[in-house]
Amino acid sequence: MSTTEIDRQWTTRLRRRVAGKLPPDKLLPDTQPTYVSSWIYVFGVTTMAALTVVIATGCLLALRGPQWWHGSSVGHFVNSLHLWSVEIFFFAMVIHLWGKYFMAAWRGGRALTWMTGVVTFLTSIAAAFTGYLCQTNFDSQWISTQAKDGINATGAGAFWNVLNMGQMLMWHIVLLPIAAVALTVLHVLLVRVKGVVPPFEERPKVSS
Amino acid sequence: MTISGLFAAIFPLNSLGHYLQWHIFQISVANLIVIILMVITFAVALFAPFPGRRRRKENREHD
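These protein sequence lines map, in sequence, to chains A and B.
According to the working numbering, the first sequence is numbered sequentially starting from 1.
According to the working numbering, the second sequence is numbered sequentially starting from 1.
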């Protein structure tokens with residue numbers, strides 16, 4: 001195979017493009033800029049740590065099923081871990097959002113990073129709401145009948161039936177987690193490509 | 001009394017929720033507490049000193 005043919009291969013072009021945009025020392029850097037030494041920068045990684053626990057406990061719940069999480073003490077414990085990791089996930093994500101909003105974190109060509117964060121936030125809300133519908137108890141029945149009217153009022157009830165337990169469970173444990181994790185990975189890769197947004201420049205004092 | 005029983009006695013979750021209302025705005029006390037905690041955490045994160053910040057800054061200035 002000639003060099004020209006190798007250069008034209010999609011695998012070669014993709015590898016070179018990825019290596020150019022995100023070399024290993026940029027993907028996993030040794031140090032961070034000085035301005036990152038602030039507590040406000042820890043909430044993004046706190047959100048990801050909570051997401052890891054959410055996914056891990058969700059996998060355990062999926063393995064054992066509703067009788068286990070309703071009827072055994074270990075099941076109750078894992079169910080509670082799933083709930084409280086979601087609480088921490090949203091708690092940290094909202095503070096991360098506030099911090100990035102006031103930093104105007106979309107500056108310097110970071111609009112796509114900001115937008116992937118926004119879409120991840122919305123996807124996570126949908127994942128959390130479908131989770132309420134999958135508890136398999138009276139609470140989930142009550143919530144689904146209340147949500148039905150709201151969803152039907154938007155017209156989305158034609159294909160998004162919150163009373164359909166099977167459909168909501170599949171959205172909750174397959175589609176939305178895949179979307180949330182994929183978007184999170186993309187969001188982090190974009191942060192690595194563009195770097196953490198620097199603080200605003202301090203305005204020079206004007207002498208009177 | 002078990003630990004879970006103790007927590008249940010301190011934080012009874014089987015009773016009806018408490019709500020605050022002002023005109024058309026209504027919020028549960030639990031949600032309000034979480035929002036207040038988030039605002040406090042946000043403020044603390046902005047102003048609390050980060051461990052090793054001064055050392056990193058000095059190292060950077062030496063370089």
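What the hints contain is simulated information worked out from the structure, not anything from laboratory work.
Everything numeric in this text was worked out from a predicted model, so none of it was measured.
Where a beta carbon is used, it is the ideal one built from N, C-alpha and C, also for glycine.
There's no promise every hint is true.
Unchecked claim - Below, a sample of chain A positions facing chain B; criterion: calculated Cβ distance under 7 Å:
id, residue
1, 35
2, 36
3, 37
4, 38
5, 97
6, 101
7, 165
Quick check on residue 97 of chain A please, does its C-beta sit within 7 Å of some C-beta on chain B?
violated (10 Å)
Min Cβ distance, residue 38 of chain A to chain B: is it shorter than 7 Å?
Holds. Min distance 5 Å.
Going by Cβ atoms only, is residue 165 of chain A closer than 7 Å to chain B?
violated (25 Å)
With 7 Å as the cut and Cβ atoms as the points, is residue 35 of chain A at the interface with chain B?
Given a least distance of 10 Å, the restraint on residue 35 of chain A is violated.
Hinted contact residue 37 of chain A with chain B - closest CB pair below 7 Å
OK, holds: residue 37 of chain A within 7 Å of chain B, min 4 Å.
Please check whether residue 36 of chain A passes as an interface residue: C-beta within 7 Å of a C-beta belonging to chain B.
violated (9 Å)
Quick one, is the residue 101 of chain A hint okay against chain B at 7 Å, beta carbons?
Status violated, d = 11 Å.
Checked against the numbered hints listed earlier, the structure breaks hints 1, 2, 5, 6 and 7; every other hint is satisfied.
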